[in-house]
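Line order of the protein sequences matches chains A and B.
Residue 481 in my numbering sits at position 481 of the first sequence, and the numbers go up by one each step.
One rule links them: number in my numbering = place in the second sequence (from 1) + 488.
FYI, nobody ran anything at the bench for these hints, they're computed from the structure.
Ideal placement from N, C-alpha and C gives every residue a C-beta, glycine not left out.
Listing some non-contacts, in silico: residues in chain A with all C-beta distances to chain B over 10 angstroms:
1) GLU84
2) TYR116
3) GLU440
Residues on chain A that point at chain B, a partial pick, calculated with CB under 7 angstroms:
4) ALA39
5) SER40
6) THR46
7) GLY48
8) GLY124
9) LEU125
10) VAL191
11) GLU193
12) ASN225
13) SER229
14) ASP231
15) VAL380
16) ILE382
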Amino acid sequence: MAVLLSAVLAACSAGHTASQVGRVAGEDALVVGTTGAPASLDFTTTGGAAIPQALMANVYEGLVRIDESGEIVPHLATSWEVSEDNTVYTFTLREGVTFSDGTPFDAATAAFSIDYVRDEWTNGLKSQMDVVAAAEAVDARTLRVTLERPSNRWLWSMGTLTGAMMSPTGVDQLATTPVGTGPYEVARFSVGESVSFTTRADYWGQPAHQDAAIRYFADATSAVNALRSGDIDLVWAMQAPELLDTLPEDVTVEVGTTNGEVIVSMNNDRAPFDDVRVRQAVAHAIDRDAVNQVVWEGLATDTGGAPVPPTDPWFTGEDHLPFDPERSRQLLADAAVDHPEITIAVPSLPYAQNISELVYSQLTDVGFEVNLTSVEFPAVWITEVMTLQDYDMSIMAHVEPRDIPALFGNPDYYLGYDNESVRADLLAADTAADPVPDMERAVATIMSEAGALTVFNQPNIVVSSPGVTGINPTVVTDALALAGMEKS
Amino acid sequence: MILRVIARFLVSLFLASVAIFLLLRAIPGDPARVALGVTATDEAVAALAEQLGTNRPLVVQYLEWVGGLLTGDFGVSLASRQDITPLVLDRAQVSLILCGVAMITSLLIAVPLGMWAARRADRPDGVAVSGASQIGIAIPSFLAGILLVTVFAVQLGWVPANGWIPPNEDVGGFLQRLILPVIALTAVQAAILTRYVRSAILEVMDRDFMRTARSTGASISEALWRHGLRNAALPVLTVTGLQLTSLIVGAVVIERVFLIPGLGSMLLDSVARRDLTTVQTIVMLLVVFTLTVNLVVDVAYRLIDPRIRRSA
Numbered sequence: 001m002a003v004l005l006s007a008v009l010a011a012c013s014a015g016h017t018a019s020q021v022g023r024v025a026g027e028d029a030l031v032v033g034t035t036g037a038p039a040s041l042d043f044t045t046t047g048g049a050a051i052p053q054a055l056m057a058n059v060y061e062g063l064v065r066i067d068e069s070g071e072i073v074p075h076l077a078t079s080w081e082v083s084e085d086n087t088v089y090t091f092t093l094r095e096g097v098t099f100s101d102g103t104p105f106d107a108a109t110a111a112f113s114i115d116y117v118r119d120e121w122t123n124g125l126k127s128q129m130d131v132v133a134a135a136e137a138v139d140a141r142t143l144r145v146t147l148e149r150p151s152n153r154w155l156w157s158m159g160t161l162t163g164a165m166m167s168p169t170g171v172d173q174l175a176t177t178p179v180g181t182g183p184y185e186v187a188r189f190s191v192g193e194s195v196s197f198t199t200r201a202d203y204w205g206q207p208a209h210q211d212a213a214i215r216y217f218a219d220a221t222s223a224v225n226a227l228r229s230g231d232i233d234l235v236w237a238m239q240a241p242e243l244l245d246t247l248p249e250d251v252t253v254e255v256g257t258t259n260g261e262v263i264v265s266m267n268n269d270r271a272p273f274d275d276v277r278v279r280q281a282v283a284h285a286i287d288r289d290a291v292n293q294v295v296w297e298g299l300a301t302d303t304g305g306a307p308v309p310p311t312d313p314w315f316t317g318e319d320h321l322p323f324d325p326e327r328s329r330q331l332l333a334d335a336a337v338d339h340p341e342i343t344i345a346v347p348s349l350p351y352a353q354n355i356s357e358l359v360y361s362q363l364t365d366v367g368f369e370v371n372l373t374s375v376e377f378p379a380v381w382i383t384e385v386m387t388l389q390d391y392d393m394s395i396m397a398h399v400e401p402r403d404i405p406a407l408f409g410n411p412d413y414y415l416g417y418d419n420e421s422v423r424a425d426l427l428a429a430d431t432a433a434d435p436v437p438d439m440e441r442a443v444a445t446i447m448s449e450a451g452a453l454t455v456f457n458q459p460n461i462v463v464s465s466p467g468v469t470g471i472n473p474t475v476v477t478d479a480l481a482l483a484g485m486e487k488s
Numbered sequence: 489m490i491l492r493v494i495a496r497f498l499v500s501l502f503l504a505s506v507a508i509f510l511l512l513r514a515i516p517g518d519p520a521r522v523a524l525g526v527t528a529t530d531e532a533v534a535a536l537a538e539q540l541g542t543n544r545p546l547v548v549q550y551l552e553w554v555g556g557l558l559t560g561d562f563g564v565s566l567a568s569r570q571d572i573t574p575l576v577l578d579r580a581q582v583s584l585i586l587c588g589v590a591m592i593t594s595l596l597i598a599v600p601l602g603m604w605a606a607r608r609a610d611r612p613d614g615v616a617v618s619g620a621s622q623i624g625i626a627i628p629s630f631l632a633g634i635l636l637v638t639v640f641a642v643q644l645g646w647v648p649a650n651g652w653i654p655p656n657e658d659v660g661g662f663l664q665r666l667i668l669p670v671i672a673l674t675a676v677q678a679a680i681l682t683r684y685v686r687s688a689i690l691e692v693m694d695r696d697f698m699r700t701a702r703s704t705g706a707s708i709s710e711a712l713w714r715h716g717l718r719n720a721a722l723p724v725l726t727v728t729g730l731q732l733t734s735l736i737v738g739a740v741v742i743e744r745v746f747l748i749p750g751l752g753s754m755l756l757d758s759v760a761r762r763d764l765t766t767v768q769t770i771v772m773l774l775v776v777f778t779l780t781v782n783l784v785v786d787v788a789y790r791l792i793d794p795r796i797r798r799s800a
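With the hints as constraints, model all of the structure from the sequences given.
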């Protein structure tokens, strides 16, 4: 045994880079703890929110940026002109921008990035680039993008991961060494543990205050314990509100909204949920406020049942589907379904399991026969619920920004929501000068048919140690921007 | 003789590799789909499966994997697309350090304590040691871990709550973060081993050769040292081997509690991601480790007990 141990100790002093998960960066660096570790750093071939959260705004930047109020503002493009018919965008690009590998950013690299999404990505979000007909460099500072039809969503998406500007010389090692124009470059990626960033002295804009790192935890308790031990400076998206009461006096707690709508899905293609009245019965039977209290101690934001984050321009705050068990029973009676039997496929995620118990009792209360089955997330859930669509009801947080068209505009999606007029409204919203009225109409229709019920908008609870400033807990895009934060 | 042992070892490895490979393919969840998540399109999944090679015949995938293992190439992760060899070796090292230290401290505590409890089996202190070891066995190590974190890291703030620093980077930090998980693992292991040492010594003390030794004028201690320990060592060695393998496999939970980047936490993450290459490689390593420990115990048996050598 002793021989084995000394052999091991000898092996590790022989220069192996064993993963370190104490304080993952120096005392001067800002270390952010959160949950949901990325498996790789390559979002061109891997889905999920973790990779863009770590890399967008920190390593990668787009031609445009989505600001705190959800507006599109210039970034790597200093300005742009749009043709009369809204299909040709001519961007004027910023000068003096370089990638972290030293190559200059110009119209050719921008055109490359757009083509790369269309040709090489396997991430499903590449469809955001489908509307592009051609991207070409007019000269070094001018990029012309031609769309097949006008699209508001396209310009907005250029501020998210699909708009990330990449260098033709920097795409061979995307999984470990992403190359972007942002204020940081990745110093070290430790799979499942952490991503460390160093600031770039040659960044074109205001450089970041200090080096930074994101460290990943399996649960909120260990993240908060690491904050107490001084291993991390801040917990982002803390998932356990019950821990807030136990925190030391000197930490700061801030709560913002996110793009995460937690949706109680009903398989619109399958009985009993192919009947709009049964779906409405579900929506009126669920007390969203009670769900918020149980899961988030009231810190989540009610969206009135609609899949719209409070930061989207078409958020109205109207309560589309108020809690009304009496009406729910009446709807079931009208639909002439006696004690419909349904099974909730509950993904193995803490929030979904908490919600499922409450939903179980509230649906049972109005006359549903409810079964709960636990489904391993992500592997089994994605196969059975999303792909095979072999389910009655499920519970899932959908975190992609502005995802109503993906959720409700595609009848083949697992929700099975199919309404021609909603699709027409979504298309109109995409092409209109002002998308808000069309979006509001689409949302109103979806809600009147109870296509799915959003029980709440997930809060972003941020817990920080003394001395950390510049935190904006409200999440509008897919990024966790580190450069604005400062640790003194 | 030796050839037969080695042949059995190799056949076991082969059967284990086939079983691991096939069982993993039988569980639901397509790696390409899991990687692409909730926004995946069917075309994207097909393209990724092509890139990953998960749509090729199983025989080809199996041969490629085993061929790689034999040449020390553990393969490419389906989740991160990276060569997992250095990562797995790194993680294995962490798990071995943790479990090795825990095993050594367990033995250092259990052997003297078990002897003490055996020699004083009918005295209050011997009964107390025996009772305490029962309690130790009853407490799961993850619970001990959570309690230790709550008291010594959160309440008292004496040591960090979790994490891992490799000894070659900072020995002080390494020890600081090692102490709680080692205590959590040791408490249970030492309790189990103490009971085995105690009963092995008790059994030996009643044997004829001990009485003979005493009759030649040796004290109890002398008789135990000279004749008793070697005989008592056999069952203890068996149990130590079994415990060592269960420790490595069981450290999964402790690694989660203390956020230690060992094989266990890597295994859990990889299962969730359906990173089949990584899962099957880690499980295979654990199998190799277990079979090797058994082999070593087998050999050690022969060294300690000449009777086995002769009968063989």
